[in-house]
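Protein sequences appear in the order of chains Z and H. At the far end of the first sequence sits residue 331, using my numbering, and the numbering has no gaps. At the far end of the second sequence sits residue 331, using my numbering, and the numbering has no gaps.
Simulated from the structure, these hints should not be mistaken for lab results. Certain hints may be false.
To be verified - Chain Z side only, calculated, beta carbon under 8 Å to chain H, not exhaustive:
no. : residue
1   : N22
2   : G26
3   : T30
4   : I106
5   : T109
6   : A116
7   : K117
8   : F119
9   : T120
10  : V126
11  : A154
12  : L158
13  : T194
Where is the CB? At the ideal position from N, CA and C, for every residue including glycine.
2 protein chains.
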Amino acid sequence: MLEKFNEYAKRVVDKIDAYIYNVVRGEPETLYDAALHLIRAGGKRLRPIIVLAVAETLGADLEKALPFAAAVEIVHNFTLIHDDIIDEDEMRRGVPTVHKLWGQAIAITAGDLLYAKAFTALSKAVEVGVSVDRVVKAMEYLARACSTIAEGQAMDILFEDREDVSLDEYLVMVYKKTGALFEASAVLGGLVVTDDEPILKTLEAFGRNLGIAFQIKDDILGLVGKEEVIGKPVYSDIREGKKTVLVVYALQRLDQEKRERLLSILGKKSASREELEEAANLIISTGALDFAYRLAREYAEKARAALYRLPDKETRRVLEDLVDYVLVRDR
Amino acid sequence: MLEKFNEYAKRVVDKIDAYIYNVVRGEPETLYDAALHLIRAGGKRLRPIIVLAVAETLGADLEKALPFAAAVEIVHNFTLIHDDIIDEDEMRRGVPTVHKLWGQAIAITAGDLLYAKAFTALSKAVEVGVSVDRVVKAMEYLARACSTIAEGQAMDILFEDREDVSLDEYLVMVYKKTGALFEASAVLGGLVVTDDEPILKTLEAFGRNLGIAFQIKDDILGLVGKEEVIGKPVYSDIREGKKTVLVVYALQRLDQEKRERLLSILGKKSASREELEEAANLIISTGALDFAYRLAREYAEKARAALYRLPDKETRRVLEDLVDYVLVRDR
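Could you put together the complete structure from these sequences and hints?
The following block contains the structure:
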C-alpha cells in the first residue's frame, strides 16, 4: 500500500527541497534560518508532490513544474509560522516553533519573507518554459488561494468565541483554511501544461476535496494521535478552543449538562491533563470519531472520482495513493 | 510650493482608494474591517501616486496604471499592520493600531490577507491591457521588493540589540525597509508602459533615493515631530531602541559617559517622559539633526537628478514636487 506514493516521494523530495533552498537564500542569516526552520525540520511535501504528479500526469517534465511546486510548499510553511504564533503553539514537526526559538518579531517577518519568496518561485516558471499567460494565471490563482487561507484562518479564530458553529460553517472554514491550498496545488500542476477549463475544474475538485478530507483527518489526529508521532501535543485543539469537526458534532449531541462541562474546558489555557482527557472522552462518547471518519472518507472518495477523469498514467497512481494516505496517515 | 503634487493627489487619490476597496472585499467582515482600517484612517498614498505619475510621464493612461498603484499601497499597508505588532505601537495615523482594536491574531491575518490582495491587484493589470510579459516582470519585481522589506525589517529588529551599528549598515537597512518599496513603485510605474532597461534603471535610482530620504526624514520627525501632526507618540523610536540615523550618529559622537547614559535609556520600555527628553537632548547635542537633514537632502537630490532623465511632462513636475515634499513634510 502507498508504494507508488512512497517511491515518487523518494524520487522528487530532494529536488523540491533543493529548489526551495535555492530561492530562499539571503541575509540577514537569522531571518533566513528562521524562515527555513520548519522546512528543514521535515514535513511531508504533500502539496508540491501534488503539483508535480498532476503536471507529469498531464504530460509535463518534472523540471518544468518545480517552480510552482516550490511556491505552494513555501506558502504552506509561511502559514505554519504565522499559525503557530496565533495559536501560541510551542512544538511542530517535533521541534520548537519559530517564534519559540527566534521570538515573535522575527517569526512574523520570516513568514512574510516566505510569502514573498513563493511569488518569486512562481515567476521563475517563465525561465523553464511555462508560458507567461499561464504564469500570470498561476499568480492570480495562488494569490486568491492566499486570500482564502487568510479568510479561513480568521474564521477559525472567530469560531473560538462561538458555541454554535454549524457543520456547514465548519466545512466552509476548512475548505478555506486547508482545502484552498490543496486546490491551488492541483490547479497549478495543471497550469504547467494547460489552461483547458474542464481539466482545471477537475483538478480543482480533486484538490479541494482531498484538502477537506486531510483537515478532517487532522482534527481526528489532534484527538487520538500519538504525541511522539504527530510531533506536537495532543489535545492542543481542545486547549485552544478550536471548533474541530469533532467538537462541532459533539456540541450538537451532548445533553445540556455534559455540553456545559465540555464548553467549560474548551479554550481553557490552564486546563489540566485530566480535564483535557475528560473533554476528549465527552467528545468521543457522542460517536464523533466515527462521524468524522465517515465524513473524511466521503470527501476522499470525491477526490478519487475526480482523478479518474485524468489520463491513466503511473503518476496518477501516485495521486490515488495520496487519497488513501490522507485517510490512513497517523501524522 | 507643492502645487502640482497637491493638485495631482486631489485628482487621483479617490481613484486609487476605489480600486483598493474593490479588490479588498470579502468575508468574514471582521477580517476585512481590520485589513482596511489603516487605509480608511488616511495616509498620503505617496507610493501609488509615484506609480501613476511615472506611468503618465511615460505616456500611459491613468486607468492602465491603477492595478500596480493599488498593489504597492496594499503592500505598504500590510507592512504597517505587521510593523505595529512587532513594535507594539498603539497609535498610527491618529487612530489605534489594528492589533490594539482586533487583537494580534486577527491583525497578523489581516496583514497576510493584504499581502495576497496586492498580487491579486497586480494580476488585474492584464485586464486593462498591460502586456502579460510586463505583468510577470512586475510580479517578480514586487515579490523581490517584499523579500527585501522583510530583510530590512529583520535588520531593524536585530539592530535594537546592537550598540555599534554603522552609518553604512543603517543605510542598507533603510534602503531595504523603506527604499525598496519606493523603488518598486517607480519601476512598476515604468512597467505599465515599457521594459526598456535604461528607463527602469533611472526609475530605480529615483525611487530608491527618494525612499531613503523619506526614511531619514521619518527618523527626524520621530524626534522633533508634533505628536498631533504625526499621529503617533513622539520618542517611540527611543523607547523601542531603534537605531535611527540620529541615534547612530549620536552614539559615535558622545563621550563615554553620555553615551552610556543614552544607551541606558534606548529601548527602555518603562522610560519616563523626562528620560526620553533627556535622551532626545543628548542626541540633539551632537548635531545629529543637522547631519540627518544634510543626508536626507543629499539623497533627495540624487532622486531629483534621476527625474531629469525622464520626459519633461506635467506629471514629472508632480514627482519633482514629491522630492521637495519628502524634505519639508511635517508628518
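Hints and how they fare:
For N22(Z), the interface hint is violated, since its Cβ never comes within 8 Å of a Cβ in chain H; the closest pair sits about 14 Å apart. Interface hint status for G26(Z): upheld, as the beta-carbon distance to the closest one in chain H is roughly 6 Å, under 8 Å. The interface hint given for T30(Z) is met, as the beta carbon of that residue sits about 6 Å from the closest beta carbon of chain H, less than 8 Å. Contact between I106(Z) and chain H, as hinted, is supported at the beta carbon level, the nearest pair being about 6 Å apart and thus within 8 Å.
Taken as an interface hint, T109(Z) checks out: its beta carbon lies about 5 Å from the nearest beta carbon of chain H, inside 8 Å. Because the closest C-beta pair between A116(Z) and chain H is about 3 Å apart, less than 8 Å, the hint holds. The interface hint given for K117(Z) holds, since its Cβ lies 6 Å from the closest Cβ of chain H, which is under the 8 Å cut-off. With 8 Å as the threshold, the beta carbon of F119(Z) comes within range of chain H, its nearest partner Cβ sitting at about 4 Å, so the hint holds.
For T120(Z), the shortest C-beta to C-beta distance to chain H is roughly 4 Å, which falls under 8 Å, so the interface hint holds. Interface hint status for V126(Z): upheld, as the beta-carbon distance to the closest one in chain H is roughly 6 Å, under 8 Å. Hint status for A154(Z) relative to chain H: holds, with the closest Cβ pair at about 4 Å, below 8 Å. Nearest Cβ of chain H to the Cβ of L158(Z): about 6 Å, under the 8 Å cut. The hint holds.
For the restraint placing T194(Z) at the interface with chain H, the shortest Cβ-Cβ distance is roughly 17 Å, beyond the 8 Å limit, so the hint is violated.
Hints 1, 13 from the earlier list are contradicted by this structure; the remaining hints agree with it.
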